[in-house]
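Each protein sequence line maps, in turn, to chains P, C, H and F.
According to the working numbering, the residues represented by the first sequence are 320 to 674, in order.
According to the working numbering, the residues represented by the second sequence are 620 to 1038, in order.
According to the working numbering, the residues represented by the third sequence are 336 to 854, in order.
According to the working numbering, the residues represented by the fourth sequence are 532 to 898, in order.
These are computed hints drawn from the structure, not numbers from a lab.
Hints are not guaranteed to be accurate.
To list a few chain C residues with every Cβ distance to chain H over 10 Å, as calculated [claimed, not checked]:
hint, residue
1, 639
2, 649
3, 657
4, 662
5, 707
6, 769
7, 770
8, 789
9, 821
10, 833
11, 856
12, 874
13, 899
14, 902
15, 905
16, 908
On the chain P side, residues computed to face chain F include the following (Cβ under 10 Å) [claimed, not checked]:
hint, residue
17, 368
18, 370
19, 486
20, 525
21, 530
22, 566
23, 587
Each residue gets a CB set at the ideal place from its N, CA and C atoms; glycine is no exception.
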Amino acid sequence: TGGPSEGSQETTATTTESSGGEETTAAEQTTEESGPSAYVGMVYALGGLGDKSFNDAAKRGIEEATSEFGVEYDEAQPSAAEEFPQFQRRFAQSSNPDYDLVSCIGYAQKSALAETAPNFPEQNFMIVDDTVDEDNVASYLFREEQGSFQVGYLAGLLTTQEFSAGSGSTTPDSKNVGFVGGVDAPLIRKFQAGFEAGVAHADEEITVDAAYAGSFSDSAKGKEIATSMYDNGADIVYHAAGGTGLGVFQAAKEQGKFAIGVDSDQSQTEPNYSDVILASMVKRVESAVYTSVENVVNDEFNGGTTTTLGLEEDGVAAVYGAELGSEIPQDVKDSLSESREAIIAGDIEIPTTTE
Amino acid sequence: MSAAENAKAVLRRLTAASATERILISFAALIMAVLVGAVIILVSGRITTCQTAATTLFGTGFCYDPVEVYLVLFNGALGEPFLLNDPALFNPDWNPLNFGFALTLKETTLLIFTGLSVAVSFRAGLFNIGTQGQLVLGGLATALFSFFVAPLLPSGLVGGLILIPLAVVIGALVGGLYGAIPGALKAYADANEVITTIMLNFIAAQIAFVLVSEFFGNPDSQVVETTPIPDWATLLPVAFPQGGDFSILALAFGLALVVAVWFLLEQTSFGYDLRTSGEQPEAAEYGGVDAKRTTVTSMFLSGALGGMGGAIWVLMVMGKWQAGVPALGFDGITVSILAGNNPFGVVPAALLFGTLKSGSLAVQFGTGVPKQLVGVLRGLIILFVAMPEFFRMLGSTIDLEPDRETVATDGGRLGGDDE
Amino acid sequence: MSTAVHLDEITKRFPGVVANDDVDLTVERGTVHALLGENGAGKTTLMNILYGLYEPTEGTVHVDGEPRDFDSPADAIDAGIGMIHQHFMLVDPMTVAENIVLGNEPRKWFGTTVDRERARQEVIDLSNRYGFDVNPDDAIEDVSVGVQQRVEILKALYRGADILILDEPTAVLTPQEVEELFRVFEELTAQGKTIIFISHKLGEAMHAADDITVLRNGKNVGTVKADETSNEELAELMVGREVLLEPKAEPQEPGDEVLSVQHLSAKDNRGIPAVSDVSFDIREGEVFGIAGVDGNGQSQLVEAITGLRTPTEGSISYKGGDITDASRRSRIADGMAYIPEDRHERGLVMDFDLVQNGILGSQHSPTFAADGRINWSDARDHAERIIDEYDVRPPHADADAESFSGGNQQKFIVGREFEREPDLVVATHPTRGVDIGAMEFIHERLLTLRAEGKAVLLVSSKLDEVQGLSDRLGVMHDGELMDIVDPRNTTEEEIGLLMAGERPNAAETDAEPPVGDAQ
Amino acid sequence: MSTTTIDRLRDTELSYRATLAGGALSVFLLIALLGLAFPSSIWGNFLAILTSRSTLSSALRLSVPITFAALGGIFSEKAGVVNIGLEGLLIISAFTAVITTAVVGPEMTVVGLPAIWIGFFAGILSSVLFSALFAVVCIRFKADQIIAGLAVWLIALGLAPFAATVYYGGVNTDNLGTTLGTWTIPVLSDIPFFGAFFDADPAVYMMLVAVPASWYVLNRTAFGRHVRASGENPKALDTVGVDVSRVRYAGVLLSGFLAGIGGSALSLGLGQFVGNNQTMVNGKGFIAIVAYLFGNYNPIGAFGASFLFAGLEAAQIRLQQVPGYAIPDSLIQTIPYVTVLVILALVGRTRIPEAAGEHYDTGDDNR
Ligand SMILES: Nc1ncnc2c1ncn2[C@@H]1O[C@H](COP(=O)(O)OP(=O)(O)OP(=O)(O)O)[C@@H](O)[C@H]1O
Ligand SMILES: Nc1ncnc2c1ncn2[C@@H]1O[C@H](COP(=O)(O)OP(=O)(O)OP(=O)(O)O)[C@@H](O)[C@H]1O
Ligand SMILES: [Mg+2]
Ligand SMILES: [Mg+2]
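The whole structure should be built from the sequences, with the hints applied where relevant.
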């Protein structure tokens, strides 16, 4: 039952979720008397909304800002790299409304933004996952290797012991875990490197099977890869593959093994799989988005700076699964707390590239 | 035959003339596609949800208004010359050299190259699905060549004048050679070019990816891309706004190529050979055409045009090669089909699809209708273009059929087959 | 005797053409009835109407005295009519038995499955009953035309046909096969079947038919008893004037050697040897004829000579130079004209107009294309000249080749090739499917070229044609040149035997293996 | 022509199959030999991958959509209609299957049928409807089949992500949280290696039934004969009183039906439709065309070819995980395509049905 819902004024102007559908330009169609505190243009990464990790996290950020500061936003989901500059530019040059901030989600927008930003010196931009050296761009980076180390350590500790929870269980005699990457890019290698280091921190003998799907949206491939890893004796697979990762959860569920989510707390964004998601390496893209909007609203836009968010800033973290977290043995959790402190203290060196 | 009969015959031949008919059918196809598209817009306007109805028909509210969608599409592609919700109608700030229009012309320019590439092979009877792969590798060659040679040349206009033409030639050469592979496989191993070109598209994408990610990548980038070419060695926008990625020079070059390809096909012996082997390979061989060589040459030519498309994409749009090359080669197939494989037809066909593509972003922004709508429209246009019979039937019910005179039984027929 | 078929005032109009104009036709049961007429006279159309493929614009079809209204061939089949088309309607990759039962397959297992054993058996029974020699398991593409024709007849009989229509059944057969076919006719009529066959050959009609009906311009111009008429009467009925029936080449002294073929062998498209060790030569002012049943290597021989096929062995020299490996293009440039056997496939580009078709083969010649650019106005003049001189109708150079009738297409090809001012003309089946008027014209032109001192290689399956026009005549069988004879002093029967692979001097041919089922 | 001619023809046909089968077998033997000789080398790994049950079951799973689309393509093209739109049929059925399940509610059952199976049949239905459109356009309106097929592909490629965006706000659908699951046959599934055949997706079983069934229909039933005749010489069929258009419609609809199974199985095996770029179908329809040409229009051959591609893909995924193995993944991903090219270059053309791609007209415009 779609169509227009005239007269039902209880739906606030900025509520974009309604019965089964989303209206992408709701913000534009209803202008409230008071007017919003700011307009934000969101340009998402390839893979689009609905990945239940990266892009959806960014969307959560802007929604939080919306309810907190009364900003309004429009969004664009590019389907190819060539569309990045076009969307960035559309937001930047628009005068109706005049956007106060354009958020560029994902490293793939870097080169486009490096061209767009100098052309619109009056426009504020922010980018997540890479840096653009312009006065009107605020860059946000994450220490993914730190969070990945944590979930790697968790996986390493659990794979060698008898553990079963929800729909999954480990096979303590096989000493391997898996890593599924989206596209083989330096950023994703960073996840892999951190993960491998964390696993090794638990037990040097555990091997990590690693493979790349070549895409952030090929969940069928993700499922095949993860299945092959589980078949090979892995009992926990960590993915840094956006939408591709959904296939990893699927495989885990079918095989009765565990998976570790990424970017968002995926035991919550993917409740169907909360019985196999041990933990997630959250990367608080939402806080990057939220903070940047907050800065704009407060006239404190930090253009030209780079903000790096790690474990210490709570920009990345290993969060336990909503359903399985309580079953993870306390000593394992204690070990993770220790390693977290050690990383923050600089006692553990984590590589950012695989050799 | 009396004079009157003669005149009648000429008229009849004119109405049956394939060029006129083609244009009529293309227009009719466009209109039909727009109508069906409108229905789809209305239906999806009932599925989605919104606060206020965009339009109301038969007492039912719809979230999307098809008329508005098409107006916004067209308006957006031209860079908003009209103020749709304003009685003033014309936008006083409108400048023809604007971003939206640049986007349209950028797409048009690229599609001219790939459309020509496909048209040449189709005219030679070769179903070249491989323009995409030829474009990918041609573009990569251009990007690498420019990057490595640029430091050896004086920067600035002089360097650009030397480097850009050379880079385009390199792109053409690589695209041509890659196109010649399925040509040779067809000629000498009798391998179906539809299969081989599909396979070679996959292979080209992967090889280019590996080359760039393993050897020639930009070390400063997370993305699989080459290091950017210096600005002086790219096709910079002359009058159009920076960032619209459109260079009038590239369009002029494309149009010149249209004339050149037309001349080659229609006016030269080689073109005759090519068309003959396309229409009827047996007859071509009979007429002294070396079918194998013509197959390889035509595929080379087609690949070279595709490669040039890649070169222009690199030099005009990206300034580097980047993984995830847009599907310009596949779009070239639709352009060529709409153009009836005629080089001159490629220009309006490319303009149409260019308009659709650039307008699609405006549609998404202005109306909330997902931009994938344009993909549907494109398919519908091709579908209707494929069935001229449908329009003939429509036409004959409103009696557009020329009345035929009765001739003696051995008088043959006029006006070509009516298939 | 009762009437099997009566066509009553049949008229059939196509857009722009009246193919049949108020035609009456009566065929008695148990007789053989021949339909004669020029190309486009409406014979095929009339029979298609009887077979339910076309609906008559006006008029009624009566079968066994009853008016019938056929909506489709299925209705005609139900009424006991079977038709064997000019172009066989067989599915090449399927077997003989599969083709015969197509559409009426015997079934088993509740109709789900074709009962192949029963189908085979029924086919064997049927062919035994009529004394046909076919192997049910051969694929159609592997058997000779003669066998294919028998399969077509069996197909009709399998469906219970009482009335058989055959469209130009003898066009592709050897004299022996033709005899065999007529023997089958007798067998069939003896069993009460009725036969209607279409022909261009007067002699055949008089020999095999009881009655003969002649169509001209879509009208029935007369039905005569076969034993009460003459060649001359029939020819005049067909054309509406007197015609020269037998071409005659007056003896003439040949000049220098133009073409010499030595020990030539070649394979066909499937890689099977098709020409073996053929040698002959042709001189200026000489017509060298090649007779033989289609498919005995003539096509491959001609293709090797004209540069469309690479010989496996042997050599070809032309005007004193070796051209064995020369390209097709260079041979054309060197004055070799070629009327191909298949005008639809090779001779014309069907979607090109006559202006473009007029320069096929000359597209690189300096006459039409200096510096690689084609001079289209010269090309147009050229096409119009051919149209004019060779009486191509209608005279529209801008019309697509496809829109012309077969005969007019052929005239255009002949014109184009003769106008090359060739030194050698290779003409294969130059009059196939062409009506008597056009045939006469083409023969005349060939003889004019000969008189001008050109060399002519003439390949035809029409014996009277090659016999009448040639100065010397080679007969081919199974890829071999059986013999070269003097056509003026050799009888049709002797040539027929050579065509069938039998050398008059048996002692020499003992080594030859039996010919298998080619005949 | 003599009987030896026939033998030679059979020989060429045989040699085609023999080359394919022999080639595949000798490559396998070579790997086995090298693998056994140097078990710790890459060849050893390779052999282990090829002989693992995991690879086999993965290959079976991956071959499902390709095989079904290829079977569909065979019926259509054998009947004389070249269906280059298989890719589009896969896309539309994959999408419809998921969205229908979602609308019904993944946990619901309707008259005893779980929602996912309703989605499965809805997917098939959508593909059949699309192919009906294609059939009408090609048969009734005499459209150029290649162009119409491209149009079907383009329309589906636009429509599925479009509808997903309208409904979900993004080109991907939400995850259903449920899949077709696996059917395990007790005892048999415990057999080493080959047990993979008895512990598989329902769609794998369907495929194992559909392949021989298709072969049977084509070669042993009257309908199959009519299909073949309609593609080789429609006039021959018409003149014996069989309606060519009916046969062609049937062939095309059947291709829609089969491709629909493939598409539904693809998306429901995952519980989601992915609409990015080329969508989750990502060229499988085109690979299917290659597969049936490769298999020479024989359903079993087409399955063999699909299985080969799927097997190479499955092996590729596993090869990536072999540590210390330097060849880039993207290069490994080209293996299936390069293989096809090489084999095509060696064995050349397959015989396309004579009348495929041509319209059939009874010749009389009065009817
Ligand atoms: N389907 C058709 N549509 C239009 N005109 C046709 C059609 N079939 C035949 N004709 C025309 O009808 C006339 C009679 O053709 P038909 O094929 O019956 O001649 P025919 O006597 O069999 O000639 P031939 O000896 O060449 O076989 C010709 O002028 C032909 O152009
Ligand atoms: N659809 C049609 N409309 C009009 N005329 C047609 C049609 N189909 C065939 N004809 C005409 O019917 C005649 C016979 O056609 P057919 O295809 O049998 O040619 P052919 O057998 O090569 O010619 P010929 O019988 O002269 O050797 C030709 O004159 C052709 O122009
Ligand atoms: Mg006829
Ligand atoms: Mg004829």
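Hints and how they fare:
no. : hint : result
1   : 639  : holds, 14 Å
2   : 649  : holds, 26 Å
3   : 657  : holds, 37 Å
4   : 662  : holds, 41 Å
5   : 707  : holds, 53 Å
6   : 769  : holds, 37 Å
7   : 770  : holds, 40 Å
8   : 789  : holds, 26 Å
9   : 821  : holds, 32 Å
10  : 833  : holds, 45 Å
11  : 856  : holds, 37 Å
12  : 874  : holds, 21 Å
13  : 899  : violated, 5 Å
14  : 902  : violated, 5 Å
15  : 905  : violated, 4 Å
16  : 908  : violated, 8 Å
17  : 368  : holds, 4 Å
18  : 370  : holds, 7 Å
19  : 486  : violated, 12 Å
20  : 525  : violated, 13 Å
21  : 530  : holds, 4 Å
22  : 566  : holds, 6 Å
23  : 587  : violated, 14 Å
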